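In case it helps, full-length UniProt numbering puts the sequence shown at residues 1 to 605.
Source of the hints: derived by calculation from the structure; they are not laboratory data. No experiment lies behind these values; they were computed from the predicted model shown. Be aware that one or more of the hints could be misleading.
Claimed, not checked - Derived pair list, reagent style DSBU-like, types lysine-lysine, alpha-carbon separation capped at 35 Å:
{"no.": "1", "residue 1": "Lys-193", "residue 2": "Lys-300"}
{"no.": "2", "residue 1": "Lys-530", "residue 2": "Lys-333"}
{"no.": "3", "residue 1": "Lys-495", "residue 2": "Lys-447"}
{"no.": "4", "residue 1": "Lys-188", "residue 2": "Lys-47"}
{"no.": "5", "residue 1": "Lys-495", "residue 2": "Lys-530"}
{"no.": "6", "residue 1": "Lys-333", "residue 2": "Lys-526"}
{"no.": "7", "residue 1": "Lys-285", "residue 2": "Lys-530"}
{"no.": "8", "residue 1": "Lys-300", "residue 2": "Lys-47"}
{"no.": "9", "residue 1": "Lys-495", "residue 2": "Lys-301"}
{"no.": "10", "residue 1": "Lys-530", "residue 2": "Lys-300"}
{"no.": "11", "residue 1": "Lys-547", "residue 2": "Lys-495"}
{"no.": "12", "residue 1": "Lys-527", "residue 2": "Lys-547"}
{"no.": "13", "residue 1": "Lys-193", "residue 2": "Lys-530"}
{"no.": "14", "residue 1": "Lys-47", "residue 2": "Lys-285"}
{"no.": "15", "residue 1": "Lys-300", "residue 2": "Lys-333"}
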Amino acid sequence: MKETKVNVNRGAGRRVWSFVVAVLACVLLLPYGATSGVSHAASATTKEVLLYPDRTQMIVNRRVVELDTPAVVLGGRMFVPAKPLGDAMGFRVEWSAADNAVMIDMPSGVVRIGLADRTVRQNDVQLPFDDVAAVAPTGRLLVRLTWLMDGLGASYAYEAEYGRVRVVYVPPIPGVVGRNGNSRPVAKFTTDKRVYRLGEPVRYYDFSYDPDAEGLVSRQWTGRQEAFFRPGRYAVSLQVTDRNGNVSDVFTREIEVTAEPYFRDEFEYRVYMNPIGSVIRTDWKTLYGRRFFDLPPLPKKAEAVAGRALLVSDSPETFERTGVLYRDTVNGKARLYASHVNGTDKTVQFVIVAENRTDREVSVRTTRSGEVYPSVYAHLIGYQATVDFLFNDPVDETLTVPPRGAVVYRRMAEALPGQGFNAIYDVETDGEVTFTFAALDAGPLPKDLASALAALEPLPFEGNIRGTFPVSHLRWEVDASSFAEPSVLTIGDGKTDEFVSGFDPMRGETTRNFGNYGVTYEIVLKKPRKATILFLARGGGFAGPMKIDGRPVMVPESGVLGAFEGLLVLHRTSGNEAEVRIEFSPPAASAFPVDLIFVPTDERG
Numbered sequence: 001m002k003e004t005k006v007n008v009n010r011g012a013g014r015r016v017w018s019f020v021v022a023v024l025a026c027v028l029l030l031p032y033g034a035t036s037g038v039s040h041a042a043s044a045t046t047k048e049v050l051l052y053p054d055r056t057q058m059i060v061n062r063r064v065v066e067l068d069t070p071a072v073v074l075g076g077r078m079f080v081p082a083k084p085l086g087d088a089m090g091f092r093v094e095w096s097a098a099d100n101a102v103m104i105d106m107p108s109g110v111v112r113i114g115l116a117d118r119t120v121r122q123n124d125v126q127l128p129f130d131d132v133a134a135v136a137p138t139g140r141l142l143v144r145l146t147w148l149m150d151g152l153g154a155s156y157a158y159e160a161e162y163g164r165v166r167v168v169y170v171p172p173i174p175g176v177v178g179r180n181g182n183s184r185p186v187a188k189f190t191t192d193k194r195v196y197r198l199g200e201p202v203r204y205y206d207f208s209y210d211p212d213a214e215g216l217v218s219r220q221w222t223g224r225q226e227a228f229f230r231p232g233r234y235a236v237s238l239q240v241t242d243r244n245g246n247v248s249d250v251f252t253r254e255i256e257v258t259a260e261p262y263f264r265d266e267f268e269y270r271v272y273m274n275p276i277g278s279v280i281r282t283d284w285k286t287l288y289g290r291r292f293f294d295l296p297p298l299p300k301k302a303e304a305v306a307g308r309a310l311l312v313s314d315s316p317e318t319f320e321r322t323g324v325l326y327r328d329t330v331n332g333k334a335r336l337y338a339s340h341v342n343g344t345d346k347t348v349q350f351v352i353v354a355e356n357r358t359d360r361e362v363s364v365r366t367t368r369s370g371e372v373y374p375s376v377y378a379h380l381i382g383y384q385a386t387v388d389f390l391f392n393d394p395v396d397e398t399l400t401v402p403p404r405g406a407v408v409y410r411r412m413a414e415a416l417p418g419q420g421f422n423a424i425y426d427v428e429t430d431g432e433v434t435f436t437f438a439a440l441d442a443g444p445l446p447k448d449l450a451s452a453l454a455a456l457e458p459l460p461f462e463g464n465i466r467g468t469f470p471v472s473h474l475r476w477e478v479d480a481s482s483f484a485e486p487s488v489l490t491i492g493d494g495k496t497d498e499f500v501s502g503f504d505p506m507r508g509e510t511t512r513n514f515g516n517y518g519v520t521y522e523i524v525l526k527k528p529r530k531a532t533i534l535f536l537a538r539g540g541g542f543a544g545p546m547k548i549d550g551r552p553v554m555v556p557e558s559g560v561l562g563a564f565e566g567l568l569v570l571h572r573t574s575g576n577e578a579e580v581r582i583e584f585s586p587p588a589a590s591a592f593p594v595d596l597i598f599v600p601t602d603e604r605g
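Start from the sequences, fold in the hints, and give me the full structure.
Right under this line is the structure:
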């Protein structure tokens, strides 16, 4: 079609052309990667576009599209903004910030319009800049309507009676079959909404597919976020690859974010939306700003459940020679807890020996156990032994100890220099049994075990925990029904959670279980309101499990959670539970105190 000069009165002409110029200017200078107008559909329909002078609108198939600037007539020729027309009509227009140029997909090839050097190049042919493009007074780039439409194969006409330009275009649909006969995959997705508030969760629905049904092996997202925390328009793109390495076109969708808040900031969003077990990274500003060091405690009724003594062997934690680590007598229910490191220069073995110093046979029944193979990684040792203890199936093993005899209750795998171990056992005896925790040379055990134990040197106390404690189980009943602000339960601070006191018979002194290692906590939340429970390590590195309504939550899922490094999302209550039960036991090598922080939530969560 030949170019037609439009004969209009000066006022109308200025209005028409200034409108079109502004439209182009408004969109062509959008950043690279803004929403493409390509439909990504398997078919196309007729696009009818009406451009009016002096209006910041155009009409596309009877739908009004808002523009920020009208178009313009220069020297009797109409110049239009390519980007909004590309979006409306289905051809690609992109801004490349790297070389300060605009790229337009035409049937004959890609056209590059350079702003800095005022060049136009199509298929290695340079065209006069002024014949193709113009720069509006606002600095926006415009392209000549007739050149653009002729290149696309679209029809256009000026309708003087309405003072408008009508453009009619049927976009071509590029095929996806390659030269080898194998189809390229198709990327496509949608979101649950088109307009979101600040921090509002965005749900993505991926509808990508491979026409050859070979399956997709990768998805490459650009600009995708779970939520957006600044108002504006955001381009999100997806490109997929099939099993044969064929890559799809990029599919792009624009998301609009208003200034109205849904969540007030990203931290609040993550409190509501982060998955259980994930860590919300924090800094001192966040922790102090939200008063996490000055939270009110949740009211609790603490009970020390009697009936099972606790024997703790943890001093010397690192032994430098073989000998007796700890020894005491049990009659009834007890928990045996040992945590040691081989500090010698040779391989050793750790044993627990059950000795019967009475004149009648005594049985030792084991009902629960937690063990770990020797390792040089201290946090791994405590983590795995506690996991074993909290989540293993119940045990029911019985060992008989003859009168005036001794038997090996447990023999651990041999430990190399620098390796440590952790062991936890719940036992029940029907008489007095003396348990000896000992480090022995590697190799066969002594035949006369009782005599060998008597000859072993007791190793000195070196400051860690050692002794027998009357309590191995603490029960907290917590009123979690009505707190209106973030509140806290602190474990292992020695104040709101007192350390259990006991006695070390090897020294003849009272002792305290700093950290309450070997103790199980049963925390019962009564009628909890809707909330998110966060875990904060305060005393140092932490690695261990928690059991919540029978389900494991690893803190953290891997590695070690450092002090004040982040808040782990432990659990969410719905507000409908009669109670929530948390079972916990301080893992060896982890530091205390730790906080359980309860953050009230609402229907957004």
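Each hint tested on the structure:
no.	hint	result
1	Lys-193 to Lys-300	violated (44 Å)
2	Lys-530 to Lys-333	violated (39 Å)
3	Lys-495 to Lys-447	violated (48 Å)
4	Lys-188 to Lys-47	holds (21 Å)
5	Lys-495 to Lys-530	holds (28 Å)
6	Lys-333 to Lys-526	holds (29 Å)
7	Lys-285 to Lys-530	holds (26 Å)
8	Lys-300 to Lys-47	violated (68 Å)
9	Lys-495 to Lys-301	holds (14 Å)
10	Lys-530 to Lys-300	holds (18 Å)
11	Lys-547 to Lys-495	holds (24 Å)
12	Lys-527 to Lys-547	holds (18 Å)
13	Lys-193 to Lys-530	holds (26 Å)
14	Lys-47 to Lys-285	violated (54 Å)
15	Lys-300 to Lys-333	holds (27 Å)
Hints 1, 2, 3, 8 and 14 from the list above are not met by this structure, while the remaining hints are.
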